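My request is simple: use the sequences and hints to build the entire structure.
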Amino acid sequence: MDIIAQLFAGLSLGSVLLLAALGLSLTFGQMGVINMAHGEFMMAGAYTAFVVQGVVGDAGVSLLLALPLGFVVGGLLGLLLEATLIHRMYRRPLDTLLVTWGVALVLQQVARDVFGAPNVDVRAPAWLSGAVEIGGLALPRTRLFILALAAVCVVALALALRATPLGRRIRAVVQNRDLAEASGISSRTTDRVTFFIGSGLAGIAGVALTLLGSIGPTLGTNYIVDAFLVVVAGGIGQVKGTVIAATALGLMQAFFEYSTTASVAKVLVFVAVVAFLQLRPQGLVSVRTRSLA
Amino acid sequence: MTVLSALARPGRTRTLAAYGLAAALLLLAPTVLSPFRLDLLAKFLCLAMVAVGIGLAWGRGGLLTLGQGVYFGLGGYLMAMHLKLADAGPGGVPDFMLLYGTGQVPGWWEPLRSPIAAILLILLVPAALAAALGWAVFTRRVRGAYFAILSQALAAAFTILLIGQQQTTGGTNGLNGFRAFFGYDLADPANRLMLYFIAAAVLLGMVAVAHQLATSRFGELLVAVRDQEDRGRFLGYDPALVKVVAYVVAAVMAAIGGALFVPIVGIISPADVGVVPSIGFLIGVAIGGRATLLGPVLGSIAVSWAQTSISEQFPSGWIYFQGALFILVVAFLPGGLASVAGVARRRRTAERSRA
Amino acid sequence: MRPRSLSRHGVTRLSTVSLAALAVVALSACGARVDSGEAAPTAAESCVDTSGDTVKVGFLNSLSGTMAISEQTVHDSLQLAAEEINADGGVLGKQLEIVSEDGQSEPTVFAEKAGKLITSDCVAAVFGGWTSASRKAMLPVFEAQDSLLFYPVQYEGLESSPNIFYTGATTNQQIVPALDYLAEQGTESLFLVGSDYVFPRTANKIINAYAEAHGIEIVGEEYAPLGHTDFSTIVNKVKSADADAVFNTLNGDSNVAFFKEYNNAGMSADEMPVVSVSIAEEEIGGIGVDNIEGQLTAWNYYQTVESPANEAFVEAFKAKYGEDRPTSDPMEAAYTSLHLWKAMVEKAESFAVADVVAAADGVTFDAPEGQVVVNGDNHHIAKTALIGTIGEDGLIHTEWSSGEPIEPDPYLEGYDWADGLS
Numbered sequence: 001m002d003i004i005a006q007l008f009a010g011l012s013l014g015s016v017l018l019l020a021a022l023g024l025s026l027t028f029g030q031m032g033v034i035n036m037a038h039g040e041f042m043m044a045g046a047y048t049a050f051v052v053q054g055v056v057g058d059a060g061v062s063l064l065l066a067l068p069l070g071f072v073v074g075g076l077l078g079l080l081l082e083a084t085l086i087h088r089m090y091r092r093p094l095d096t097l098l099v100t101w102g103v104a105l106v107l108q109q110v111a112r113d114v115f116g117a118p119n120v121d122v123r124a125p126a127w128l129s130g131a132v133e134i135g136g137l138a139l140p141r142t143r144l145f146i147l148a149l150a151a152v153c154v155v156a157l158a159l160a161l162r163a164t165p166l167g168r169r170i171r172a173v174v175q176n177r178d179l180a181e182a183s184g185i186s187s188r189t190t191d192r193v194t195f196f197i198g199s200g201l202a203g204i205a206g207v208a209l210t211l212l213g214s215i216g217p218t219l220g221t222n223y224i225v226d227a228f229l230v231v232v233a234g235g236i237g238q239v240k241g242t243v244i245a246a247t248a249l250g251l252m253q254a255f256f257e258y259s260t261t262a263s264v265a266k267v268l269v270f271v272a273v274v275a276f277l278q279l280r281p282q283g284l285v286s287v288r289t290r291s292l293a
Numbered sequence: 001m002t003v004l005s006a007l008a009r010p011g012r013t014r015t016l017a018a019y020g021l022a023a024a025l026l027l028l029a030p031t032v033l034s035p036f037r038l039d040l041l042a043k044f045l046c047l048a049m050v051a052v053g054i055g056l057a058w059g060r061g062g063l064l065t066l067g068q069g070v071y072f073g074l075g076g077y078l079m080a081m082h083l084k085l086a087d088a089g090p091g092g093v094p095d096f097m098l099l100y101g102t103g104q105v106p107g108w109w110e111p112l113r114s115p116i117a118a119i120l121l122i123l124l125v126p127a128a129l130a131a132a133l134g135w136a137v138f139t140r141r142v143r144g145a146y147f148a149i150l151s152q153a154l155a156a157a158f159t160i161l162l163i164g165q166q167q168t169t170g171g172t173n174g175l176n177g178f179r180a181f182f183g184y185d186l187a188d189p190a191n192r193l194m195l196y197f198i199a200a201a202v203l204l205g206m207v208a209v210a211h212q213l214a215t216s217r218f219g220e221l222l223v224a225v226r227d228q229e230d231r232g233r234f235l236g237y238d239p240a241l242v243k244v245v246a247y248v249v250a251a252v253m254a255a256i257g258g259a260l261f262v263p264i265v266g267i268i269s270p271a272d273v274g275v276v277p278s279i280g281f282l283i284g285v286a287i288g289g290r291a292t293l294l295g296p297v298l299g300s301i302a303v304s305w306a307q308t309s310i311s312e313q314f315p316s317g318w319i320y321f322q323g324a325l326f327i328l329v330v331a332f333l334p335g336g337l338a339s340v341a342g343v344a345r346r347r348r349t350a351e352r353s354r355a
Numbered sequence: 001m002r003p004r005s006l007s008r009h010g011v012t013r014l015s016t017v018s019l020a021a022l023a024v025v026a027l028s029a030c031g032a033r034v035d036s037g038e039a040a041p042t043a044a045e046s047c048v049d050t051s052g053d054t055v056k057v058g059f060l061n062s063l064s065g066t067m068a069i070s071e072q073t074v075h076d077s078l079q080l081a082a083e084e085i086n087a088d089g090g091v092l093g094k095q096l097e098i099v100s101e102d103g104q105s106e107p108t109v110f111a112e113k114a115g116k117l118i119t120s121d122c123v124a125a126v127f128g129g130w131t132s133a134s135r136k137a138m139l140p141v142f143e144a145q146d147s148l149l150f151y152p153v154q155y156e157g158l159e160s161s162p163n164i165f166y167t168g169a170t171t172n173q174q175i176v177p178a179l180d181y182l183a184e185q186g187t188e189s190l191f192l193v194g195s196d197y198v199f200p201r202t203a204n205k206i207i208n209a210y211a212e213a214h215g216i217e218i219v220g221e222e223y224a225p226l227g228h229t230d231f232s233t234i235v236n237k238v239k240s241a242d243a244d245a246v247f248n249t250l251n252g253d254s255n256v257a258f259f260k261e262y263n264n265a266g267m268s269a270d271e272m273p274v275v276s277v278s279i280a281e282e283e284i285g286g287i288g289v290d291n292i293e294g295q296l297t298a299w300n301y302y303q304t305v306e307s308p309a310n311e312a313f314v315e316a317f318k319a320k321y322g323e324d325r326p327t328s329d330p331m332e333a334a335y336t337s338l339h340l341w342k343a344m345v346e347k348a349e350s351f352a353v354a355d356v357v358a359a360a361d362g363v364t365f366d367a368p369e370g371q372v373v374v375n376g377d378n379h380h381i382a383k384t385a386l387i388g389t390i391g392e393d394g395l396i397h398t399e400w401s402s403g404e405p406i407e408p409d410p411y412l413e414g415y416d417w418a419d420g421l422s
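Residue numbers (the UniProt record's numbering), protein chains in the order written: chain A, 1 to 293; chain B, 1 to 355; chain C, 1 to 422.
Since the hints were derived computationally from the structure, they do not count as laboratory data. Remember, predicted model here, so these are calculated numbers, not experimental data. Don't be surprised by glycine CBs; every beta carbon is placed ideally from N, CA and C. Treat each hint with caution, since some may be false.
What the hints assert, rightly or not - Incomplete in silico selection of chain C near chain A, CB under 10 Å: (1) D253; (2) I287; (3) G288; (4) G294; (5) G370.
Shown next, in the form of C-alpha cells:
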C-alpha cells in the first residue's frame, strides 16, 4: 500500500522536475546555454498565474488562461535575454552561467519590489481540490493534473521537434551549426525560437507550481539545481533522456525519503547522479557527435 | 626608480611594483583604519584567498568551479571545530553539544583537539576531496558545463549535510562564539591586529605561489589545456592531471581562507558555504580579471567592500548592483577591469608609435 | 634597480622579504593569551554619545534575502514604535535617531552589522534578529562589546545572555502551553513535522519529553530541509500514521507546500488538526486561507486580541502602512521591545548598559498583548499564551488562553519532566 503511494509520490515529483527541466533540456541541452535565470522564468510564470487570477477571479478559468499566458511571459523574457545578452556569448557557454545568474538576482529583486516580499497565493479550482480515491489510495487531483500537463508538454515538444519544419531546423542547428547555415537555415532565428520555447516551458512549469507550493521571489532557486541535475543526468540533445532522468530522480527521492529523511535523500540523490556520470559521462541518452570528448 | 613609474612600465616590473605596493598598503592599513574596519578588511582578505585559487583554476585553467564554498567551508569548519574544542579545554565538550547534542564529543571530532592535527587536516581534507572529485571528473573527460553543475550540486549537498547534522555541526546556527585562537584571546585588540597581519601575509604568500605556478611550465600547460585540451593530449601530456593539480591548489587556498575567516569573523555557518556564496566568490574574480595575477584579489576585495558600503546605504540596491556587475562585466568585459587597463595601454602605445 | 635585472624570481624575492616583514609584525603584535592569567584589555569601551538632544538606536533586520518576507514586518513595527516614542517626547527627553542596517538573511552579516552599529555608529541598543542563527551569531558580539540587543521572536529557549532581552516567547510560554491544550483536548498521539534546523529540533526534543511524561504517543517525527517544496512523502507518512494531531514547526515557504499537500491528500482540521508555531497573520495570505482555515496556532498575540492598547496599535499600524497589512506576534513583540527599553532607561535614568540591565527587573509595559513584565534574572518577559484558530477572514481568533502571564523559564527548570533536556 505504502509502496504504491510512494510510487505515485515519486512519479509526481518526477513530473514536477520534468516540467522544470524540459525547457532547460532545450536551452542547455540543445544550445549549450547554462541559463541560471530559468528558475526566475518559472517564478515569472507563477506570478503570471497570480495576476491572471486577480483579474479573472474564477480559479478554473484563470488556471487555463494562465497556462498559455505563462508560456508567453516566460518565452518573451527568454527572448529578451537571448536578444540582449546570450546571443553574443554562444562561444562562451560557461560565461552564460554567470551572466544569467546576474539576471536571476535582478529578476528576484524586481519581483520583491513589484509584488512585495511576502508570498502570495493562487487558489486552486474546485475541480482540482481533494483527491481521487482508487482502491483506498488517495491521489491528489493537483498531482494528477501536473502529471498530465507534463505528459502533454513532453508529447507536444517531441512532436514539434520531430514533425515540424521548425523542429527540423532546430535539430539541424544543434547537430551542426555551420552545416545548417550553409544549407540556408537562419541560425539566428532558430536560436531565438528555441530559446523562446525553452523559456516558455519554464513559464508553464511556474503556473503548475502554484498548485503545489508558495509563490514568492525565490521560487525558482528551489528548483534550479535539481533541474540542471536532471538535464545533466539525462544527457544532451534528446527529450527522451530528460524524461527518464526526471522520473528516476523523482522516484529515488521519494523512496530514499521514505526510508530515511528528506535531507539524507537529497544528498543520496546528488551522490547517485555524480556516480552515474562516472559510468556515463555523457548522460543517459546522447547524440553521437564527431567531437573527441 | 619609484613605484609609480614602475607601475607604468610593462611586464614583470609592473607586477613586482604592484605587489610591493599592495604589501606596503596592507602594512599601513592598521594605522588609518578603525579596529572595526580593520576586522572587515581582514575578512575581505580571507575571501580574496578563495579568489586567488579561483583565478588559477578558472582564469588559467578554464575550470569554472561553482563549489568553492565547500572547500572554504571545510577549512572553516575544521578550524571552528578545533577552536571549539580548545575553548572547552582538555576533555571538555563544546557548549552547543551540551545544549543540542548528546553531550558527548563524537569520535570524528577528537583528532581536532590537537592544534597540529587541526592545521594538517585543514590542508589535507580539502586537498584529498578535491583530488578525488577532480580525478573522477576529469579523467572521464566531463565537459566544462557539467563540471560546473556537478560542483554546484556538491555545494548544495554539503550544505544540506551540515544543516542536517545539527548535533555535531551546529546546523543552521553554524559554529560561533570562539574565545581564543591557538591560546590567544580573541577579544584582545592586539591579537586581532595579529590576525589581520597573518591574513595579509598568507594572502601575499598565496599570490606569490600563484605567480610562480602561472609562470612555470605547469602554468603554460594549464593554459594550453584550457585552450586546446586535445592538442595537449596529443603532445603526450595528461590534461586530467594538470586540471586536478590546479583544482587541488584552488581548493587548498579556499580552505586556508575559510580557516582564517573563522577566528576573524567569529562564525562559520551553512549560509557562508552554500550555492549562493560559492557563486559570490566568482564575481570578484570576474570583475578583477580572471586570468591576471592581482585581478582576482583586487576584484574580490573591491566587491566585498562595495557590498558592505552599498548595503549600508540601500539594502535592495546591493542586489541590483551585484546583478548588474555580473551581467555587464561578464557579457561585455570578459577580461575584467584588468583588461580595461590593458586596452588603454595598448591604445596609448599605438598612439605613441603613430606619433 | 634596473628593470632588466628583474626576473620572475624578483617577485619571489620581494614576496619572501615582505612575508618575513609581516610575520615579524604579526608576532610582535601578539596580545594576551587566555591561559596566561593576565587580564585582556577588553575592546568594550562604550562610545554612546548622550550629550546632545538625540540618542542613536540600531534596527538590524533582513531587508533583503529569503528572510526579508518576515523581517520587513518587524522593521515596520519598530519604525512605528520609534515614531510614537519621538512624538511622545523621546526617551529621557532625547529624540531617537534610528540607524537601520540590513542583515541580508545571513548570520555572518548580522554579526558584522551588529559590530558596526555598536562600534561605528555607537548606538545605545540594537533591536532585531529573527532566525536563531542570526541571534547566535550576534550574541558573542554583544557580549564582547557589552552592548544591548532586543530580540523579538519566539525561539527555542536554552539561552539567557546578560546582553540580550528576549521579548518573544520562550518554550514554556508557547510550546508547553500548546501541549497542555492538546492534552486537555484528549490528544493521545502526535505527529511532529518540522524544518531541519535548531528551533524544530529543540522544540521536538521538548515535545518528546512532555509526551513521555503525559502518556502521549509520538507516532512520527519528520524534518524537511529548509526551502523544501515537495511534501508528498511526508504527508503520506503523516496520513498513514493516523495521529490525533500534528505539531508543525515548519518554517516559511515550506508551510505553503505542506498545507496544500495536506488538503489535497484529503485531510482536514476536523480529522487531524495541525498546531503550528511559526505561522502568523502575515503568512496566512501566502498559504491561502482556504488551505489552512480551521487549523490551530500557538502564540502570545493575535491581531484580534481585545484590549485598548491593541486597538491603538492596530489602528496606528494600519494608518501608517495600509489597511491590508495585518499585525502579528513578532511585530507586536518588536513594538513592545522598543517601549520596554524606553521604560528601562527611564527607570535607570541612564542609557548606560549596566544601569539599564540593573533597572530591568520588574519593568512593565501595557503592551497590545496585555501587560508584560521583564524578568531581571533571565531577561525574558512574562507573557500570556494563546491558542488560536485560523478563521475564514484570514485572522487568528483566540480559542484558549493561559489566563494569566506565564513566567519565562528558558531552561524549563520548573518542569520535572524536562530534567534531562539541558
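Each hint tested on the structure:
1. For D253/C, the suggested interface contact is upheld, since its CB lies about 4 Å from the closest CB of chain A, less than 10 Å.
2. At its closest, the beta carbon of I287/C sits 6 Å from a beta carbon of chain A; the interface hint therefore holds under the 10 Å criterion.
3. With its C-beta approaching chain A no nearer than about 4 Å, G288/C sits inside the 10 Å limit, and its interface hint holds.
4. Hint status for G294/C: violated, given a least beta-carbon distance of 15 Å to chain A, over 10 Å.
5. Of the supplied interface hints, the one on G370/C is violated, with its beta-carbon coming no nearer than about 27 Å to a beta-carbon of chain A, more than 10 Å.
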